[in-house]
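Whenever a hint applies, use it, and build me the whole structure from the sequences.
Spelled out from the first residue to the last, the chains are:
Number of protein chains: 2
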Amino acid sequence: MVPHLITALTNPINELEQHILDAMPAIERWFRLEWMEHTPPFYCGIDIRNSGYKLAPVDTNLFPGGWNNLTEEMLPLAVQAAQAVIEKTCPDAKNLLIIPRNHGHNSFYLSNLKQLERIFSQVGLTVRIGSIDPSLKQAKTVRLPSSESITLEPAMREGRRLVLPQFDPCTILLNNDLLAGAPGILEELPEQHLLPPLHAGASVRHRVHHYRAYEEVAKRFSKLLGMDPWLIHPLFEVCHGLRHDEDSTEPHHADSDAQILDCLQGHADSLLSKIRKKYKEYGVHERPFVIIKADCGFSGTGIVRIHDAKDLGQALTDLSHNSKGQAMPAKTLSELLPREIVLQEGIYTNEQINDAVAEPVVYTMDRFVVGGFYRVHSAQGPDENLAAPGAAYIPLAFDHAGTLPQSGARPGASSPNRFYMYGVIARLSMLAASYELESADPMFEGDL
Amino acid sequence: MVPHLITALTNPINELEQHILDAMPAIERWFRLEWMEHTPPFYCGIDIRNSGYKLAPVDTNLFPGGWNNLTEEMLPLAVQAAQAVIEKTCPDAKNLLIIPRNHGHNSFYLSNLKQLERIFSQVGLTVRIGSIDPSLKQAKTVRLPSSESITLEPAMREGRRLVLPQFDPCTILLNNDLLAGAPGILEELPEQHLLPPLHAGASVRHRVHHYRAYEEVAKRFSKLLGMDPWLIHPLFEVCHGLRHDEDSTEPHHADSDAQILDCLQGHADSLLSKIRKKYKEYGVHERPFVIIKADCGFSGTGIVRIHDAKDLGQALTDLSHNSKGQAMPAKTLSELLPREIVLQEGIYTNEQINDAVAEPVVYTMDRFVVGGFYRVHSAQGPDENLAAPGAAYIPLAFDHAGTLPQSGARPGASSPNRFYMYGVIARLSMLAASYELESADPMFEGDL
Chain A
-4 MVPHLITALT
6 NPINELEQHI
16 LDAMPAIERW
26 FRLEWMEHTP
36 PFYCGIDIRN
46 SGYKLAPVDT
56 NLFPGGWNNL
66 TEEMLPLAVQ
76 AAQAVIEKTC
86 PDAKNLLIIP
96 RNHGHNSFYL
106 SNLKQLERIF
116 SQVGLTVRIG
126 SIDPSLKQAK
136 TVRLPSSESI
146 TLEPAMREGR
156 RLVLPQFDPC
166 TILLNNDLLA
176 GAPGILEELP
186 EQHLLPPLHA
196 GASVRHRVHH
206 YRAYEEVAKR
216 FSKLLGMDPW
226 LIHPLFEVCH
236 GLRHDEDSTE
246 PHHADSDAQI
256 LDCLQGHADS
266 LLSKIRKKYK
276 EYGVHERPFV
286 IIKADCGFSG
296 TGIVRIHDAK
306 DLGQALTDLS
316 HNSKGQAMPA
326 KTLSELLPRE
336 IVLQEGIYTN
346 EQINDAVAEP
356 VVYTMDRFVV
366 GGFYRVHSAQ
376 GPDENLAAPG
386 AAYIPLAFDH
396 AGTLPQSGAR
406 PGASSPNRFY
416 MYGVIARLSM
426 LAASYELESA
436 DPMFEGDL
Chain B
-4 MVPHLITALT
6 NPINELEQHI
16 LDAMPAIERW
26 FRLEWMEHTP
36 PFYCGIDIRN
46 SGYKLAPVDT
56 NLFPGGWNNL
66 TEEMLPLAVQ
76 AAQAVIEKTC
86 PDAKNLLIIP
96 RNHGHNSFYL
106 SNLKQLERIF
116 SQVGLTVRIG
126 SIDPSLKQAK
136 TVRLPSSESI
146 TLEPAMREGR
156 RLVLPQFDPC
166 TILLNNDLLA
176 GAPGILEELP
186 EQHLLPPLHA
196 GASVRHRVHH
206 YRAYEEVAKR
216 FSKLLGMDPW
226 LIHPLFEVCH
236 GLRHDEDSTE
246 PHHADSDAQI
256 LDCLQGHADS
266 LLSKIRKKYK
276 EYGVHERPFV
286 IIKADCGFSG
296 TGIVRIHDAK
306 DLGQALTDLS
316 HNSKGQAMPA
326 KTLSELLPRE
336 IVLQEGIYTN
346 EQINDAVAEP
356 VVYTMDRFVV
366 GGFYRVHSAQ
376 GPDENLAAPG
386 AAYIPLAFDH
396 AGTLPQSGAR
406 PGASSPNRFY
416 MYGVIARLSM
426 LAASYELESA
436 DPMFEGDL
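Residue numbers (this note's numbering), protein chains in the order written: chain A, -4 to 443; chain B, -4 to 443.
FYI, nobody ran anything at the bench for these hints, they're computed from the structure. There's no promise every hint is true.
Each pair may be met inside one copy or between any two copies, as identical chains are not told apart.
To be verified - Pairs of lysine to any residue residues, derived as SDA-like cross-links and limited to a Cα-Cα distance of at most 20 Å, are as follows:
| no. | residue 1 | residue 2 |
| --- | --- | --- |
| 1 | LYS89 | MET31 |
| 2 | LYS89 | ALA18 |
| 3 | LYS83 | ALA21 |
| 4 | LYS218 | ASP87 |
| 5 | LYS89 | LYS218 |
| 6 | LYS89 | HIS14 |
| 7 | LYS214 | TYR48 |
| 8 | LYS89 | ALA21 |
| 9 | LYS83 | ARG27 |
| 10 | LYS89 | ARG27 |
| 11 | LYS89 | GLN110 |
| 12 | LYS305 | SER141 |
| 13 | LYS305 | ALA253 |
The structure displayed is predicted, hence computed values, not measured ones.
Have a look at this one:
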């Protein structure tokens, strides 16, 4: 149920990986039962890191924009999954409107849109791209490097529906993470299916809710397999209430920079010592590190990495300079930092492609793993963020020679599917996103 | 939603094919709505013939035995479909028992079993092969040409369940067409899912029920597309009651050979003249022919082909000789022939691979087209049955270069997916099988 793709890591399967492979029947059954209770996110892109001793997700994108990195060979799987999801949400659909992000329309992103258009066209839907960027006043056709072209049209409201000229969609697919908040044009669309829903938007999504949901998923999964959840779960801590609630009736009163530093240092110290303890337990000789992220409404660029709590001051000072190294207008940390900050255990990646550090990205649609690719960065180290300017994307190839280990097959006659394990971790993360979205759903009445 | 496979026919897309390609969005939506009302057969193998002017199914096998002919590349699609069907029928399944046919265990068939075992193992089920052949007294392991091995064990009853030692399956997959009738060992298994169900067995299945269901499906589909149903539907007639009902209280009284010949000749004449009229209408310059098959309980070997009603006597005499050309013990036609006989319009195939006549076979699982291959026969003509001794099977390759025609793509930048059309015809046939099985289901209370 997970395609057999050739991974960069060719080391022998380690103990953790073998454990997951051996438990495959139990794992698949567990997921089947989970999906009876929970609705998977429409689609996801999950960043995974494999450090050899630990295999864990580090980011779960609910508006994945790299569909162009899936090879032609993976498309039938994506189309089949798309068919299943359309059958479920709107079987009598004729039209699908895709809402792209408003900015960053480079040829990679436009090829991603083209790929989504292709996948849903093959399901038999008429697909058009409707932008909600207010600066797009009329339809615009762009030629892609593949020599195909793509047309972006300004989406408009017609009463309670979002439409294009002569095009009234039943389903609207958001490929825009709504980091700046959900615009009015998307509000109150009770007659159309907006997927993913507005409460999945980056401006309202809390990283900490996802991490807590993943912690729960990882614990239950690890219990099933009889293993330590740490092997698949990045530890985390949260620094709450750096500033007072803006909606509070109390007069606005920002914490001082010293208070903020104190809070962050305390949590960083605590987290680093937990990781150190685990490294000792497992005989890991690497240097623990911590990733500091905003809880909400921050993109990947505002991420700080520290190996020692005392580096925190410098790291935050770096944050207060812009990318050209120039000091920004004087701001206190409280002005600069988001209200809540998450500290997450950093995971080393020990995958490399052509000497560049690599991390697998797994793409899912509905409950299916439909493909993946590598994000590689030749200028970043194994403990650094690869989703930084200069990253490249390398499609994964199908491994035609290998089949999953078969009982009865002679040793060596079948090769284990390392990508299977990445698919398992990705699906755990997707399941956590499903829990997270159910909690965030204003309409949800289920039992969590 | 249909894999893009390279077909043998490289002629330009003809009018009928173009019509189907153009209507793809309407077709896919129509299927989605049909599958909301009807349950697809667990799996099917559908033989298709493309004569250029006509594209039609000629046989729908509900117990397909050629899964080994699907390439490694197609497996992920089959596994994903298997996942969907297991989720639907028995999500908490741990074990799957496959019941193979009792005879004809050559290496091709055993490789087919191995492939089914592989597909369902990848869904996460523990798969074992349980034979219902009474002559199999103990487990038997056979080495396959791939150097894998497969173990067949005698299935046994334990109260109301079919089991193997230390193996109690929730789902039982029949890969045995039960041509000799359902044995007692399969009766009354109320706690297990037996798929396909016993009423799909070859001994109780009526070809004419399938043909009538297909006629209905083809008419509705053709109305949707505004085309003549004949272009996708083989005409047929039925010769009823060649012998009196054995269950009748009347004394047994067989029709005379002359009466049987009369009945058959009358129907053959009528059918040939209908085909001739259609050939004239479409400017087809080929010679019409008719295929004569038993309605029920007959395998593919008992098939007679005639181009003229007056050849019928000779054809039936040929039938009364065995394959070595020796006369069989004197039997009257009424003893020799099944009670009801179907006459079906013959469809020329104009596909060839290496000068051998070829027909595509499309494999489905649940509502998904998961792959296909060609049945080729170098000694048979374009109007002959290719499922005869000497047939070979050629896997279809994925066409990585081609994508479905995209609006906005430059002419020539995308190639049409001829296999898509075969997938449409196959799904029409599968839908007809779904109608047929619903009618035959003693438990079914739906509205047909």
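A quick look at each hint next to the structure:
no.	hint	in the structure
1	LYS89 with MET31	between (27 Å within a copy, 16 Å between copies)
2	LYS89 with ALA18	between (41 Å within a copy, 12 Å between copies)
3	LYS83 with ALA21	between (26 Å within a copy, 18 Å between copies)
4	LYS218 with ASP87	between (42 Å within a copy, 18 Å between copies)
5	LYS89 with LYS218	between (44 Å within a copy, 18 Å between copies)
6	LYS89 with HIS14	between (45 Å within a copy, 18 Å between copies)
7	LYS214 with TYR48	within (17 Å within a copy, 61 Å between copies)
8	LYS89 with ALA21	between (39 Å within a copy, 8 Å between copies)
9	LYS83 with ARG27	both (16 Å within a copy, 10 Å between copies)
10	LYS89 with ARG27	between (29 Å within a copy, 11 Å between copies)
11	LYS89 with GLN110	within (19 Å within a copy, 36 Å between copies)
12	LYS305 with SER141	neither (50 Å within a copy, 61 Å between copies)
13	LYS305 with ALA253	within (13 Å within a copy, 104 Å between copies)
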